[in-house]
Structure formats: structure tokens, C-alpha cells
Amino acid sequence: MPFIYNFPFFSIFICMISGIVTPLLKNGKWAYRLSLFASGAGFVLSGILLGRIGPNNESFSFMMGHFPAPWGNELSVGPLEAVLATTVCLVMLMALLGGSRDIFEDVLPEKQKLYFIMMDEILAALLALTYTNDIFTAYVFIEISTIAACAIVMAKDSSDTMVATMRYLIMSLLGSGLVLIGIVLLYCITGHLLFPNLQLRVLDLASTGQYTMPLTVVVGLIVMGLGIKSAMFPFHLWLPPAHGSATTASSSVLSGLVVKGYIILMIRLFYKVFTIEVIRELRVTNMIFLFGLAGMIIGSVGAIKEGHIKRMLAYSSVAQLGYVFMGIGLGTDIGIVAACFQILVHACTKPMLFSCASALSAGRHHNKKLHALRGAAYENKLAGVGFTVGALSMIGIPLFAGFAAKVLFASATMAQPVKMWMTLLTLALSTVLNALYYIPAVTVLWSRPEEGEAGEKVLVHPAFAVSTVVFITAVFFLGICYQPVVTLIQNGLALL
Amino acid sequence: MSKMAKIKKEKQTAWQRFCAWVNGDTADRPLMPADPPAPRKTKTDKNKKQKTVSSRKEGIELNRFGSIYRICAVLIGVAVVTVLMVTVLQLPLFGSPDNPAVNEVVERYVEKGLEETGAVNMVAGMILDYRAFDTFGESSVLFLAVTCVTMLLMRDKNNTSKDEDLLTAREHVIEGYEEDIILTKIARLLIPCALVYGIYVVLNGHISPGGGFSGGTIMGSALILFAVSFGMIRMSRFFTYATFKKVTSCALLVYAASKAYSFFTGANHLESHIPLGTPGAILSSGLILILDICVGIVVACTMYGFYALFTKGEL
Amino acid sequence: MEHLLINHYETAAVILFGIGFLNLLLQNNLVKKVIGFGIMDSAVYLFLASQGYIVGRLAPILVGEVANAADYINPIPAGLVLTGIVVSVSVTAFSLALIQRLYQKYKTVNFDEIVQLARQKGDE
Numbered sequence: 001m002p003f004i005y006n007f008p009f010f011s012i013f014i015c016m017i018s019g020i021v022t023p024l025l026k027n028g029k030w031a032y033r034l035s036l037f038a039s040g041a042g043f044v045l046s047g048i049l050l051g052r053i054g055p056n057n058e059s060f061s062f063m064m065g066h067f068p069a070p071w072g073n074e075l076s077v078g079p080l081e082a083v084l085a086t087t088v089c090l091v092m093l094m095a096l097l098g099g100s101r102d103i104f105e106d107v108l109p110e111k112q113k114l115y116f117i118m119m120d121e122i123l124a125a126l127l128a129l130t131y132t133n134d135i136f137t138a139y140v141f142i143e144i145s146t147i148a149a150c151a152i153v154m155a156k157d158s159s160d161t162m163v164a165t166m167r168y169l170i171m172s173l174l175g176s177g178l179v180l181i182g183i184v185l186l187y188c189i190t191g192h193l194l195f196p197n198l199q200l201r202v203l204d205l206a207s208t209g210q211y212t213m214p215l216t217v218v219v220g221l222i223v224m225g226l227g228i229k230s231a232m233f234p235f236h237l238w239l240p241p242a243h244g245s246a247t248t249a250s251s252s253v254l255s256g257l258v259v260k261g262y263i264i265l266m267i268r269l270f271y272k273v274f275t276i277e278v279i280r281e282l283r284v285t286n287m288i289f290l291f292g293l294a295g296m297i298i299g300s301v302g303a304i305k306e307g308h309i310k311r312m313l314a315y316s317s318v319a320q321l322g323y324v325f326m327g328i329g330l331g332t333d334i335g336i337v338a339a340c341f342q343i344l345v346h347a348c349t350k351p352m353l354f355s356c357a358s359a360l361s362a363g364r365h366h367n368k369k370l371h372a373l374r375g376a377a378y379e380n381k382l383a384g385v386g387f388t389v390g391a392l393s394m395i396g397i398p399l400f401a402g403f404a405a406k407v408l409f410a411s412a413t414m415a416q417p418v419k420m421w422m423t424l425l426t427l428a429l430s431t432v433l434n435a436l437y438y439i440p441a442v443t444v445l446w447s448r449p450e451e452g453e454a455g456e457k458v459l460v461h462p463a464f465a466v467s468t469v470v471f472i473t474a475v476f477f478l479g480i481c482y483q484p485v486v487t488l489i490q491n492g493l494a495l496l
Numbered sequence: 001m002s003k004m005a006k007i008k009k010e011k012q013t014a015w016q017r018f019c020a021w022v023n024g025d026t027a028d029r030p031l032m033p034a035d036p037p038a039p040r041k042t043k044t045d046k047n048k049k050q051k052t053v054s055s056r057k058e059g060i061e062l063n064r065f066g067s068i069y070r071i072c073a074v075l076i077g078v079a080v081v082t083v084l085m086v087t088v089l090q091l092p093l094f095g096s097p098d099n100p101a102v103n104e105v106v107e108r109y110v111e112k113g114l115e116e117t118g119a120v121n122m123v124a125g126m127i128l129d130y131r132a133f134d135t136f137g138e139s140s141v142l143f144l145a146v147t148c149v150t151m152l153l154m155r156d157k158n159n160t161s162k163d164e165d166l167l168t169a170r171e172h173v174i175e176g177y178e179e180d181i182i183l184t185k186i187a188r189l190l191i192p193c194a195l196v197y198g199i200y201v202v203l204n205g206h207i208s209p210g211g212g213f214s215g216g217t218i219m220g221s222a223l224i225l226f227a228v229s230f231g232m233i234r235m236s237r238f239f240t241y242a243t244f245k246k247v248t249s250c251a252l253l254v255y256a257a258s259k260a261y262s263f264f265t266g267a268n269h270l271e272s273h274i275p276l277g278t279p280g281a282i283l284s285s286g287l288i289l290i291l292d293i294c295v296g297i298v299v300a301c302t303m304y305g306f307y308a309l310f311t312k313g314e315l
Numbered sequence: 001m002e003h004l005l006i007n008h009y010e011t012a013a014v015i016l017f018g019i020g021f022l023n024l025l026l027q028n029n030l031v032k033k034v035i036g037f038g039i040m041d042s043a044v045y046l047f048l049a050s051q052g053y054i055v056g057r058l059a060p061i062l063v064g065e066v067a068n069a070a071d072y073i074n075p076i077p078a079g080l081v082l083t084g085i086v087v088s089v090s091v092t093a094f095s096l097a098l099i100q101r102l103y104q105k106y107k108t109v110n111f112d113e114i115v116q117l118a119r120q121k122g123d124e
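Going line by line, the protein sequences match chains B, S and P.
Residues in the first sequence are numbered consecutively from 1, following my numbering.
Residues in the second sequence are numbered consecutively from 1, following my numbering.
Residues in the third sequence are numbered consecutively from 1, following my numbering.
Be aware that one or more of the hints could be misleading.
[As the list claims (entries may be wrong)] Here are the simulated lysine-lysine pairs, BS3-like style, with alpha carbons at most 27 Å apart:
{"no.": "1", "chain 1": "S", "residue 1": "Lys162", "chain 2": "P", "residue 2": "Lys32"}
{"no.": "2", "chain 1": "P", "residue 1": "Lys105", "chain 2": "S", "residue 2": "Lys312"}
{"no.": "3", "chain 1": "S", "residue 1": "Lys157", "chain 2": "B", "residue 2": "Lys111"}
{"no.": "4", "chain 1": "S", "residue 1": "Lys157", "chain 2": "B", "residue 2": "Lys26"}
{"no.": "5", "chain 1": "B", "residue 1": "Lys111", "chain 2": "S", "residue 2": "Lys185"}
{"no.": "6", "chain 1": "S", "residue 1": "Lys245", "chain 2": "B", "residue 2": "Lys26"}
{"no.": "7", "chain 1": "S", "residue 1": "Lys245", "chain 2": "B", "residue 2": "Lys29"}
{"no.": "8", "chain 1": "S", "residue 1": "Lys185", "chain 2": "B", "residue 2": "Lys26"}
{"no.": "9", "chain 1": "P", "residue 1": "Lys32", "chain 2": "B", "residue 2": "Lys368"}
{"no.": "10", "chain 1": "P", "residue 1": "Lys107", "chain 2": "S", "residue 2": "Lys312"}
{"no.": "11", "chain 1": "S", "residue 1": "Lys112", "chain 2": "P", "residue 2": "Lys107"}
{"no.": "12", "chain 1": "B", "residue 1": "Lys111", "chain 2": "P", "residue 2": "Lys105"}
{"no.": "13", "chain 1": "S", "residue 1": "Lys162", "chain 2": "S", "residue 2": "Lys312"}
{"no.": "14", "chain 1": "P", "residue 1": "Lys105", "chain 2": "S", "residue 2": "Lys162"}
{"no.": "15", "chain 1": "B", "residue 1": "Lys369", "chain 2": "P", "residue 2": "Lys32"}
{"no.": "16", "chain 1": "B", "residue 1": "Lys111", "chain 2": "B", "residue 2": "Lys305"}
{"no.": "17", "chain 1": "B", "residue 1": "Lys272", "chain 2": "P", "residue 2": "Lys32"}
{"no.": "18", "chain 1": "B", "residue 1": "Lys111", "chain 2": "S", "residue 2": "Lys245"}
Bear in mind the hints are in silico, worked out from the structure with no lab data behind them.
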């Protein structure tokens with residue numbers, strides 16, 4: 001076995017061990033450096049792995065221990081997993097850099113170390129969710145990311161965040177309860193926990209028609225549970241307060257990565273356990289499709305009504321997650337490719353928007369009301385440019401990443417006439433709605449401040465500058481040369 | 001007639017009282033006895049006039065949202081239960097040996113378990129060797145939970161007022177010169193027994209029922225008993241936040257290192273060079289014993305940590 | 001019906017799951033919400049544990065020298081339940097700590113009241 005195959009395992013363990021070591025460090029600064037190191041190492045390792053298996057189009061499974069598939073835990077890695085893992089690590093690194101100043105301001109000094117433990121463990125959990133080949137391991141890491149995600153929301157320790165955390169926690173508990181009972185039922189009718197064996201048994205059951213009803217229930221429960229955790233439309237109410245009130249790095253990581261982790265797991269389960277044909281037959285995709293469409297509209301409407309810039313961005317996340325669910329709901333390979341691409345786009349754009357928004361409000365005494373931010377872009381030009389780029393990408397202007405995603409969604413629907421009209425109409429409507437709240441926000445930021453409104457000039461923090469520049473590059477990269485990325489995702493999906 | 005009505009009335013009140021008792025909020029015994037007079041009331045009184053209109057409107061909105069939410073929740077709950085009930089109807093029969101769950105995996109765990117892991121207790125062999133990655137995740141969950149609780153409840157300027165500090169200082173003084181004789185005598189008797197029993201359960205995890213989690217909880221209860229009966233000051237002579245951090249982190253590090261070693265050798269098809277020993281002996285089954293000890297230490301510290309943080313907000 | 005009686009553990013588990021689920025959703029009192037969550041999780045563990053049992057077989061701890069798969073019950077559910085219990089202990093501790101903090105701040109454990117108070121504070 002080539003040594004490079006160990007890299008997924010190394011990246012997960014580096015993150016977990018950094019989390020474990022962190023309490024022994026001297027102070028929050030060192031914990032911060034260790035977290036940067038862990039996510040940087042994860043990025044380098046996954047990048048190398050991607051460089052190797054992406055062009056060769058290979059996939060492999062990695063035994064966690066001395067025992068192969070039905071007996072021991074396993075990881076499974078292919079191009080899709082490698083792309084996702086690389087992005088996750090990169091976004092984590094940049095979110096930490098971009099939000100570093102706010103972390104040290106918002107979190108009490110003696111608790112900063114603990115905050116970085118949570119960040120490390122979230123990264124480990126996300127990597128494990130992308131790589132795992134075992135459904136019960138997936139459950140354990142879902143719980144890890146739930147606890148850590150709630151912890152990074154409440155780290156700011158204001159009254160808003162406490163209430164938001166409570167709401168988030170309750171919904172997450174509900175979601176994990178449903179996922180757990182789904183997994184138990186699945187074990188009960190198949191007797192396996194590893195993906196490949198589960199898939200064999202599920203195909204067996206689907207062809208003989210045995211246990212059809214329990215299988216449907218299992219799929220329903222797991223989709224509902226993961227849907228609650230990733231803010232699928234009717235269950236999205238917890239997201240705006242949680243993502244809107246947390247400290248910057250937390251908001252970035254939550255919006256950009258954590259909710260995506262569950263969706264990635266859902267896609268992998270659809271392909272590696274239930275197989276997309278069975279899922280289509282059970283008509284689960286139609287439900288997801290409708291929820292996705294509704295989420296796109298409701299999220300945007302919520303964002304239009306919101307005057308608080310971070311909560312507005314959080315509502316926009318609900319809308320963007322709606323796109324992802326719509327893509328999954330199409331139930332075709334190209335639909336899911338588009339959904340994966342949208343995951344990448346949103347993971348690169350939303351963290352930038354969050355960190356720019358809070359950098360802009362830094363000169364205005366952290367007042368995050370939109371009307372208080374008039375002309376703030378002149379005080380921190382880089383943040384203003386970053387926010388503008390992110391907003392244009394979210395609206396879907398050509399050359400920006402969001403446009404590529406929308407084109408992919410539109411072309412993915414061509415095969416299904418009924419869904420095509422619904423998708424195209426909703427896409428158009430949601431683009432208009434997106435423009436309705438992003439354009440005014442950008443205009444406010446770049447209009448000349450009135451007398452007495454101007455805040456002091458803000459020094460651009462170097463870490464923030466690095467992260468914004470990287471994110472802007474990523475947005476343009478995904479928007480202009482998206483073809484290789486899409487091919488990579490397509491190949492990866494075919495290998496799942 | 002009137003008598004019956006009276007009885008009825010009494011019955012009703014008894015029933016109501018029973019309901020109230022079930023709900024846990026009887027009038028004479030408030031839910032939280034330490035309730036200080038709620039300061040918020042005065043506050044709302046002050047701003048009542050300006051607020052009434054908006055708050056009434058808000059209240060109606062909240063109520064409407066609440067009732068819709070309630071109806072939806074009941075519907076969803078009933079639907080979930082009905083669907084699950086129908087599912088149970090179609091599930092394989094309870095206790096039958098032909099269940100789909102009884103397959104080649106179980107066969108290998110049972111028949112080869114001793115040979116491959118060295119553990120007589122197949123569950124221990126399964127969770128700490130065959131499916132060890134899950135269990136590592138699980139220990140991390142525990143570590144995360146205690147970290148979260150520390151984040152929330154460890155005293156800092158956000159969650160403690162001056163009065164509370166004074167109160168704690170007074171409690172420390174009282175602890176200093178007053179000792180509850182019954183408590184301490186019995187604790188002296190019980191703590192060593194509990195500790196030894198906990199250690200026994202941990203060390204025998206691979207031979208008999210037990211293991212790191214159960215043994216660790218027992219040891220944790222011994223620590224808690226010590227803290228209850230002798231006070232936090234005497235506890236802090238040998239167990240402070242610094243020791244807590246060091247002990248848990250080191251135990252988890254040993255866990256992670258040994259698991260990383262076994263994963264690495266396993267995946268790369270290398271010899272693991274860890275002797276499995278004679279089955280049934282304490283010093284057997286390779287890494288499982290070490291892992292059990294590490295888990296035991298982590299769990300014991302975590303349990304005590306929960307107790308100390310919840311009651312005092314410090315370790 | 002007979003099926004439900006034979007699978008009585010599963011049936012009971014489903015009913016308990018429903019009770020826990022509704023408590024988690026409907027209770028206003030946060031402590032009761034957490035209790036509801038506890039009931040829900042325990043129901044899942046009951047369900048899972050009942051999957052492992054096979055009539056007339058021994059607990060999965062080896063007796064004697066040779067292990068025959070036909071003599072022992074299924075050890076997997078036991079391991080999964082163990083993992084699950086630890087997870088739910090952790091989550092319970094976390095939520096109770098959060099509730100304690102909320103109680104310190106608002107002097108109530110009623111979630112609706114807490115939400116309203118927090119909103120008032122936000123307005124001021």
C-alpha cells in the first residue's frame with residue numbers, strides 16, 4: 001500500500017490530537033497557533049492526496065485497525081472526498097485567520113484555549129464525516145460536531161448566544177435522535193454497519209422486496225435527522241440566531257462547513273449505502289427537492305426583512321442550503337454534482353462575507369445594524385472589496401463562483417421537464433431576491449458616510465488580509481475555471 | 001347533593017394537586033427553592049406603560065406561533081410513533097436466531113475474538129479492537145463535554161457576581177473548621193472500597209463485564225464522595241484544575257497514540273508486536289488493558305469534573 | 001398484533017421514543033426538555049439492546065476454551081449501546097450546564113420566558 005494512503009488517517013488524528021494537547025498549552029495564542037498548524041497540515045496532506053488520486057481517478061479504502069470491511073472500522077477515499085477535505089481544511093484555516101482578532105476580543109482569555117479545542121475537534125469530525133466508511137462512526141462524529149458546534153456558538157457568552165445555543169442544541173438533539181434510531185433500524189434489517197456490506201444487503205432487500213417499508217422509514221428518518229441538523233427548510237429556524245450571534249470565526253465555520261458536513265454525509269449515504277436508484281424509487285428525492293425550493297425562497301425573504309448584517313448573511317445561508325437540497329432532490333448524477341459544487345462555492349464565499357462584515361463593523365463599535373455601516377467600506381477597503389465580491393458571487397454575476405453553480409443547476413434540470421420549470425422559475429426568483437438584499441447592503445457600504453457617521457480608519461489585520469485575498473482568489477477560481485473541479489467531482493461521484 | 005359536590009370538589013383538588021405534584025411545581029414547594037425574588041418583575045413594571053402595546057402584540061404573535069408549533073409538533077410526534085409502530089410490525093422477530101443481525105460478523109467476533117484480540121469479554125474485544133475508532137470518538141465526546149461544561153460554568157467574570165464569591169469564601173471557611181463526623185467516618189470507610197472496586201472493574205474489563213467506562217464511573221463516584229465529605233479545600237490539595245487537565249490530556253494522548261499505532265500497523269499490514277498474553281489473565285489482550293485504564297482515568301476525572309463544576313464552578 | 005406482543009421490547013421502545021420526542025418538542029421547562037431527550041435516547045438503547053438478544057443463549061463472555069457462535073448472543077448491540085450511552089451522558093451534561101447558566105441569568109427555566117426576556121434585553 002502506498003504511504004500516501006495514510007494521509008486521511010493522519011489528518012484526522014492530527015486534528016484530534018491537537019485538540020487533546022491544547023489544554024496543556026500556555027495560553028490561547030499557542031492554542032491558536034496549534035489549530036492553525038492542524039488545519040494547515042490537514043490542508044497540505046489532503047492537497048497532496050488530491051494531487052495524487054485526482055488525476056489518476058483512483059479510490060481506496062483504509063482499514064482502521066487489523067480487520068477488513070465487515071469487521072473493523074474503515075475510511076474510504078476517492079477524488080470527491082479528497083476535494084471536499086481539502087476545501088474543508090482550507091476554509092477552516094482561513095476562517096481562523098479571518099476571525100482571529102474577534103476570537104481574542106470576544107472570548108475570555110482563560111477560555112480561549114477551550115475554544116480552539118472545539119475548533120480542532122470540529123475539523124476532525126468534518127474530516128471523519130467526509131472519509132468514514134462506517135455508519136456508526138458517522139453517528140459518533142455527528143455528535144462530536146454537534147457538541148463542538150454548540151460550544152463555539154456559546155463561546156461569546158452573551159445573552160443572545162446563550163439562547164441561540166439552547167435552541168440549536170435542542171434541534172440538534174432531535175436530529176441526532178432521529179438519525180440514531182434510523183441507524184438502529186437499518187442495523188436491525190441488514191445486520192451490518194460498514195457501507196459496502198450495507199449496500200449489498202440494501203440492494204438485496206430492494207430486489208427481493210423484503211422489508212421495503214422499514215427501509216423507507218430508515219431513509220426518511222436519516223434524511224429528516226440530517227436535514228434538521230443542516231437547516232433544511234422547515235427546520236431552519238434555529239440557524240439565523242445561532243449563526244448570526246456567534247463570534248466571527250464561529251459563524252464562518254458553522255455556515256461554511258458544519259452544516260455542509262451533514263449534507264456531505266447524506267450524499268455519501270445516498271451513493272454508498274442506499275444507492276441513488278433505490279432513493280429515487282422511494283421518492284425521497286422529490287421531498288428534498290420541494291424543501292430545497294421552499295428553502296431558497298423563504299431564506300431570501302427572511303434575509304430581505306433583516307437589518308442586522310450577520311443575521312442577514314445567516315438567512316442567506318438558509319437560501320444557499322436550499323440550492324444544495326434542490327440539487328440533491330433532482331436525484332440525478334449531474335444534479336448532485338451541482339450540489340457538491342454549490343457546497344464548495346458556499347464554503348468559500350460565506351466565511352469571507354462573515355469575516356468582512358465583522359471587519360467592517362469593527363470601526364463602528366461592532367454595531368452590526370446595516371444602517372450603522374454607511375460608508376464603512378471606505379475605512380477598510382479590503383473588507384469592502386471582499387464583501388462586494390462575496391455578494392456578487394451570491395447573486396450570481398458571471399465570472400463569480402455563484403454564477404457557475406447556478407449554470408450547473410440550470411443545466412442539470414434539462415432532463416426532467418416537470419422539475420425543470422420549477423427549478424428555473426425558482427432560480428430566477430431567488431436570484432432576484434438575492435439581489436434585493438445584497439445590492440442594497442453593498443450600496444450602503446460604499447455610499448459616502450454622512451457627517452458624524454464616519455468611524456475611525458481601521459488598520460487591516462495581516463491575518464485578515466491573507467484570508468480575504470485567499471477567499472477572493474478561490475471565488476474567482478471557482479467562477480472562471482470551474483470545469484476541472486466539476487470533472488473531478490463527477491469522477492469522484494462515479495467512484496462512490 | 002352538596003356533600004357530593006364537596007367530595008367532587010375535594011377530589012378535583014386532590015387530582016389537581018396530584019397533577020401539580022407530577023409537574024413538580026406545587027405551591028408550597030417551589031421548583032427551585034433557592035429562587036431569589038425575581039428582579040425582572042420590577043424592571044418590567046418600570047417600563048410597563050411604554051411596552052404594553054408592543055409586548056401585547058408580540059405576545060399574541062408568540063402565542064399564535066406557539067400554538068401552530070404545538071399542533072405541528074404533536075402531529076409530527078404522532079406520525080413518527082405510528083410509522084415506527086408499523087415498522088416494528090414488519091421487523092424480524094425478537095430473540096430469533098435467524099435475524100439478519102446474526103451474520104458472519106457476529107460469528108467472527110464470537111469465534112475468533114479471543115484469538116485475534118485476546119479478550120475473553122467479546123464486547124470489550126469488539127469496542128476496543130475491532131471497532132476502536134468509534135470508541136476513540138466516544139472518549140473524545142466525553143472530553144469535549146467536560147470542556148464545554150468548563151467553558152460554561154468555570155468561574156469567570158461573566159458568570160459570577162460578587163455575592164457568589166463571598167458566599168463561596170464563607171463556605172470555605174465553614175468547611176475549614178467544621179467536619180461532619182458521621183459523613184467523614186463513613187466516607188473514610190467507603191472511599192477506599194469504592195476506589196478498589198473501580199480499579200478492579202477497570203482492570204478486569206477484558207475478562208468480565210466491566211471496563212473503562214463503568215469502572216471509571218465508580219472511581220469518579222469515590223472522588224465525588226471525598227469532595228462532598230471532606231470539602232473542596234482538602235480535595236484541592238491533590239486534585240486541582242491543573243492536575244485534572246494534565247491527567248485527562250495524558251490519558252487521552254496515550255489512548256490516541258496506542259490506537260494510532262495499531263491503526264497504522266493494521267492498515268499497512270505490519271506486524272503489531274504486541275503480545276496478547278494468556279487469555280483470562282489480567283495482563284493479557286494487548287492494548288485493550290491499556291486502553292481500558294486510560295478510559296477509566298478519563299471517565300473518573302470527567303465525572304468528578306462534572307460534579308465540581310456544577311456545584312462550585314471550580315475544580 | 002401478535003407480532004407487536006412478541007416484539008414487546010421494540011414496541012415499548014417506540015412508545016417511549018414518542019414520549020421522549022414529544023417532551024423534547026413540547027415542554028417549556030428546559031429541564032423537562034432534557035429529561036425528554038433522556039427518555040428518547042434510552043428508548044433507542046432499549047430497542048438496540050433487544051436486537052442483540054437471542055433466546056436461550058449466553059452473554060457474550062467466553063466460557064471454556066472453544067467459542068461456538070451458536071452459544072452466544074450478538075455482542076454488537078451491547079457495544080453500540082455503550083457508545084451511545086456515553087454520548088448521551090455528555091450531551092446531557094452540556095445541556096444542563098447551559099440551562100444552569102441561563103437560569104443564573106434569567107432566574108427561570110421556562111424557555112419561552114427566557115426568549116422573551118432576551119428579546120427585551122436586545123431591544124433596550
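(message) So, against the hints stated earlier in the document, which numbers end up violated here?
(response) Violated: hints 1, 5, 8, 9, 11, 15, 16, 17.
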